[in-house]
Amino acid sequence: MVRNSLGRWIPESFDGKPLVPYADPYSLRPNRQRATRALRRVNPQDVKLLSGGLREAIEASGLKDGMCISTHHHLRNGDALLGRVVREIDALGLRGIRIGSSSVHPVHAELIPFIEKGVIAGFECGVNGPIGEQASRGEIKCPIWVRTHGGRARSIIDGEVRVDVAFIAAPACDLYGNMSGASGPSACGSLGYAHTDAEYAGCVVAVTDNLVPYPVAPFSIAQSLVDYVVEVENLGDPSKIVSTTTRITTDPVGLQIARYAADVIAASGLLKDGFSFQTGSGGTSLAVADQVRRMMREGKIKGSFGCGGITGYFVDMLEEGLFDVLFDVQCFDLRAVDSIGRNRNHLEISADMYANPFNAGAVVNRLDCVILGATEVDVNFNVNVNTESNGYLLHNTGGHSDTAAGAKLSIIVAPSIRGRLPIVRDEVTTITTPGETIDVIVTERGIAVNEKHPELKKELLRRKVPVKDIGQLHKEITQVTGTPRPLEFEDEIVALIEYRDGTIIDAVRRVKE
Amino acid sequence: MNGFRLRRTLLYVPGNMPSMLQNIPIFQCDGVMIDLEDAVPLSEKDAARILVRSFLENYRERNKELLVRINPLDSPRGFDDLKEVLPALPDGIRLPKADTPEIVETLDTLLTEYEEELGLELGRFSILPSIESAEGIINCVKIARSSPRLIGLAFGAEDFTASLEIERTKTGEELFHARTRVVWAAKAVGIQAIDTIFADAGDMEGLRRETELIKKLGLTGKSLVNPRQIEVIHEVFAPKQEEIDYALQVIEAIGKAREMGTGVASLGGKMVDAPVVKRALRVLKTAQAHGMVDVELDEEVIYGKE
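Here the protein sequences line up with chains A and B, keeping their order. Positions 0 to 512 (numbering that gives the first Met the number 0) are the ones given, in order, by the first sequence. Positions 0 to 305 (numbering that gives the first Met the number 0) are the ones given, in order, by the second sequence.
Please note that the accuracy of each hint is not assured.
Unchecked claim - When the alpha-carbon atoms are kept at most 16 Å apart in a straight line, the in silico EDC-like pairs for lysine to aspartate or glutamate are as follows:
(1) A:K463 x B:D293
(2) A:K467 x B:E60
(3) A:K301 x A:D323
To be verified - A few chain B positions that, by computed beta-carbon distances, are all more than 12 Å from chain A:
(4) T105
(5) P147
(6) E164
(7) R180
As the list claims (entries may be wrong) - Derived list of chain B stretches under chain A, where covered just means 3 residues or more per stretch with a C-beta under 8 Å from a C-beta of chain A:
(8) 21-34
(9) 115-128
Derived by calculation from the structure, the hints in this document are not laboratory data. Glycine included, each C-beta is placed from N, C-alpha and C at the ideal position.
Build out the structure end to end from the sequences listed, making use of the hints.
Pasting the structure below:
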């Protein structure tokens, strides 16, 4: 065990691989080449469309015991592909397969029996929901590597993770493998998380429920990257593609937080022509977006771009002329899906371009301001979004650490109290995003500004916004809630939280039951 | 500036809900009215009383006016409420069903007794009576004069329309006479007139229209049921920049006039005398409370030094 720079105990190796402890957000520089894969040759008479379904594709891909497969999570909780692929793999008698998908959702609880059976041997991605919970309770044994969106793209591109076979769900596809997410019964808009898989996986299989005449146009993943095409009856349940909440909150606490966040943005001096902005899809984040929209209208400000997961709310801002461009790595709702097929400046981008720290400059580096959530924050501004108050690993990181590191102003919005628990802690259960990349924490009881921004703090105080020292805020909140009894953990590590550059920022341990 | 306190927004918070009580410090309303009456089911009255007492005892850094709406004094519950919550020092009591001056006088006497018992300054607890029946409207002129503890009269339209056996509408024609009568009764003794709640928390435009109407009629604030309504009401009650600029000019003009030995000035061809100055002063006090201006003001400016 070694302690990383944030004081977290990190094992020297995990899952058979040596680990590098986290040191700081920006200095690690890679000194190796990009990963590579074999060249191919497809001749005019060769057929890419397989008639034997997923099973034939798995056989044709050459998948063997111990290899790694991937899917993308653009269908979110409506995805049926990953489960079907794993069932076919099981039927073929393959074992020890690693899952390198871009994310796993509660619907994928269906994989649990295959973990127990030995079909699945590990996750090269974070998990949302029951798989993480059962791992945390020690009910399943299966190492989990939690990665950020940018970190996942980086891990594939720099060769840390080798995806042997990528199964890419394609809402529209032709027989030669040109794919688009913009139309079809399972339309999900951007296919941003699948681009890296298409470019780096040993074998690429397009799976579609909407085979259209050649060529798909416009396409987002090109035929030249795709080995096989498989047709299935459906890719899942399209009604569950929409992400969590995509409506502005009506909760007075959330609205109060949004107003304070807007005050911070207004005081930051960033809100001027060329402003760039990202928020998530939660009700409070959208309430902040609503305030930003109001301020941009009032100040006649023309922003440069909005980015990240895109909602109908950002589409409205694009169409109103408040932003020139939307950079869309995933569509959060159906209005965003509709827009990406219609608006020229609503651009699909890959997770690599969005957030990979090891390329020649990601979009997150150009962000002025990002609004992020938190399950817990601590007095050093570290943020946890992975584990819940019960210690269970329940959430994937998403672009949290990527945007926090990239944006000039990263603002955490969170209620000070959630179900009787204080959100500001002495120490977070798990560090997802390091405090040195977080600038401001906004709660309904006050705003804490990171010490590296004395000018912003002064300006906020001048504007009579309730700025408090983070320790003071912590004290005020625990006066209401009391201090919760600390969680108890076993020594056994069930998951690692990898920072975007591949160093290890924290480890998730089994909960003592 | 003595005694001038903004009461644009008085928010009801149910006394039996810890999750809402805990948020009282963060809401930006001028006051809250912790409700032990209609919001609390009969089976929870005792628990709510204890909860409210404990909340008040722990809420030490008070940042807004705190009233408790007790149960009416026609049942023992109202008396039990006072006994439980007064030692935890709310600023005052919102008295429901204040249909006659005698009811207010009864509460006044009770409060005096508690103040003596608790060793507090006499008159510490204020009263905000609810005028919420036909009888209350008829009696409100006398009610306004029934106790020096009164900070205002609060009109309650839901019970009032029920007592009239009519529907309450969003346009509020049926309330016009009652509202004006409450305003007159209150202004005659120099206290505030607080309007009724607007029940549809989703209809911000309707709320804005109603608030604009009651501001025009002379009411100085509203009771409200949802914190989301605070912002709209404050926006309506905030003086406009033109009003503030004009008020500052009025004060300047009358100051110059006095130096020249007269109580009347002319501003842009219009006469400026005491009533105009009074109105300007009121605008500036409100603006100051909104943090929109920072000026030294006193009543002397109206009539000059003696």
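Tested hints:
no. : hint            : in the structure
1   : A:K463 x B:D293 : holds (14 Å)
2   : A:K467 x B:E60  : holds (15 Å)
3   : A:K301 x A:D323 : holds (8 Å)
4   : T105            : holds (36 Å)
5   : P147            : holds (34 Å)
6   : E164            : holds (34 Å)
7   : R180            : holds (33 Å)
8   : 21-34           : holds (count 6)
9   : 115-128         : violated (count 0)
Violation of the numbered hints given earlier is confined to hint 9; every other hint is satisfied by the structure.
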